Amino acid sequence: MVGHRIPDVLPPHVAGLLMEGVGSSLRTGKPQSTEFTMDMSAATPATPAALDFEARMVPISGQEVLVIARDITELKRVERLKNEFVSTVSHELRTPLTSIRGALSLIASGALGELQPRGTKLVQIGLNNSERLVRLINDLLDMEKIESGQLEFQMRPLEIPALVQRAAEDNRAYAQEFGVVLEARVSPASVVVSGDEDRLLQVLTNLISNAVKFSPRDSAVTISTDVTDDRVQVAVRDCGPGIPLEFRHRIFGRFAQADSSLTREKGGTGLGLSISKAIVERHMGRLSFEDHPGGGTVFTVELPLAEPVREPIPANGSRPLNGHVLVCDDDRDIASLLQMILRQAGFGSDVAHTAGEAEDRLARQPYDALVLDLLLPDRDGVRLIQQLRLKPETAGLPVIVVSAVADDRRGQINGDAVSVVAWINKPLDTGRLLAAVGVVTQYKMDRLPRILHVEDDADLRQVVQEVLRNAASVEAAQNLKLAREALRGEAFDLVLLDPGLPDGNGLDLLPELREAYPSLPILVFSAGELDRMSAEQVTVALVKSRTSNEQLVETIRALIRPLSTGASHD
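Going by full-length UniProt numbering, the sequence shown opens with residue 1, and the numbers climb by one from there.
Please note that a few of the clues may not be correct.
[As the list claims (entries may be wrong)] Below, in silico cross-link-like pairs of lysine-lysine (DSSO-like), each with a Cα-Cα straight-line distance of 30 angstroms or less:
id : residue 1 : residue 2
1  : K76       : K391
2  : K82       : K277
3  : K391      : K426
4  : K145      : K82
5  : K213      : K30
6  : K213      : K145
7  : K76       : K145
8  : K213      : K121
9  : K481      : K391
10 : K426      : K121
Calculated from the structure, these hints are not laboratory results. Predicted, not measured: the structure shown is a model, and the values here were computed from it.
Turn these sequences into a full structure, and let the hints steer you where they fit.
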């Protein structure tokens, strides 16, 4: 080989790649690398038909480049096996786990009637452990995607106060199981970052759950925000024992766990902090920690600020797509927070701080709903509702009560008679608020919407049918052929689609659906995340193992617009 030119001893396509790398290395003075495959079919029978190589070109002088090639055939084979395993885990474990979790959740919620205390305990054990297994699988798959650079991010402007408040509310029940109080101390001022909402919630949930697990009973975990210059910091502080000195240097490593009986008792994969760090860094941020002088540990997420997004003023009297809501609360911080939550969910909103201001605004323009605190300075909230019912223009106005005395005062009013659609106690349950607002602004229907559920797993079809029993009429199709037949024969208001079907990829339906029914909402409910190109072709994409029964129902309700005669997609 010595003394021969590269094109003389290697196939043209390989020689071309290497010569290009050599030239680039000489021009830049920096090492270059490339991978290529060589056909070995003419070699001995024991040699594979093709070998994979990696070549590095390292400049050693102004005119010389050292080319180092190594056989990576076995490495590629192992990588392919790993990818096949991840794909199998994604579909073959996530789908049945979704069925198990969904069925247990229905039983636990009382869908089949009240259970005996012993039965309730056993169902809850099964539900808790299915959730634990789901988290384990999600962590493993997320780590694989991070390593391969395939973790997708959907960046958009996000209000940090609303995001932190939602993370706190989502984890409040979990904290109560450990006897820990969650305290969210956020400024109501607009603090906007560019980020992926689901991924940042994943980071905050991981930090909060860790803080809760390592805090003693009857203590508090605090989530706070602080803005300095052009960055915002979200800090999660616990009251736990702190981080051992010998563990600190590897705390963000994969499968990292402090080697102590206390840590092993708490469980977990040891992947959460590693995944969180990678997500934060993809947001151009930083994840750090320190032991607090007063005890416990503080984990801090630092993110760059984005320009605040101002809510556009509707032109020519047009209204926001998801509806317009009046918020009435005398606490200005809470009113601002409610506005942020509504705006982030796509709702327009105005604020009144007294009953009189609310009446004035309602007299000037129509609203789709009223979010009302009962403790107002100028009038009792219950009295305001009763007075609104006497006026023709507000007699049917849906009211959502958000108040510290919601449960106590509920008995004073017949909710159906006065359109109080939800009674929500403070501290605020963000999910319940958005679900209630979504119901009254987007789900006013004279009939149940019709949904085509395309899914090959019979158990999951049955669970979804039960979950949506009171929300929609569901027709199931277990493959592409039956789905096409159903679409030709009937009109549907939404398609719930799993890509993994026995006779092809469910995503193959998308071009046909978009051509025949341009406005038909398509919700992909799959074992894994969609790539960016596929995600752009659907209305919403949900991952089975990350979606609860309640989230599925709320998403479907939000997607289906009010129906009038002939409004179905036929």
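Consistency of the hints with the structure:
no.: 1; hint: K76 with K391; in the structure: violated, 73 angstroms
no.: 2; hint: K82 with K277; in the structure: holds, 23 angstroms
no.: 3; hint: K391 with K426; in the structure: holds, 29 angstroms
no.: 4; hint: K145 with K82; in the structure: holds, 12 angstroms
no.: 5; hint: K213 with K30; in the structure: violated, 48 angstroms
no.: 6; hint: K213 with K145; in the structure: holds, 27 angstroms
no.: 7; hint: K76 with K145; in the structure: holds, 17 angstroms
no.: 8; hint: K213 with K121; in the structure: holds, 21 angstroms
no.: 9; hint: K481 with K391; in the structure: violated, 54 angstroms
no.: 10; hint: K426 with K121; in the structure: holds, 28 angstroms
Hint compliance for this structure: hints 1, 5, 9 are broken, all remaining hints hold.
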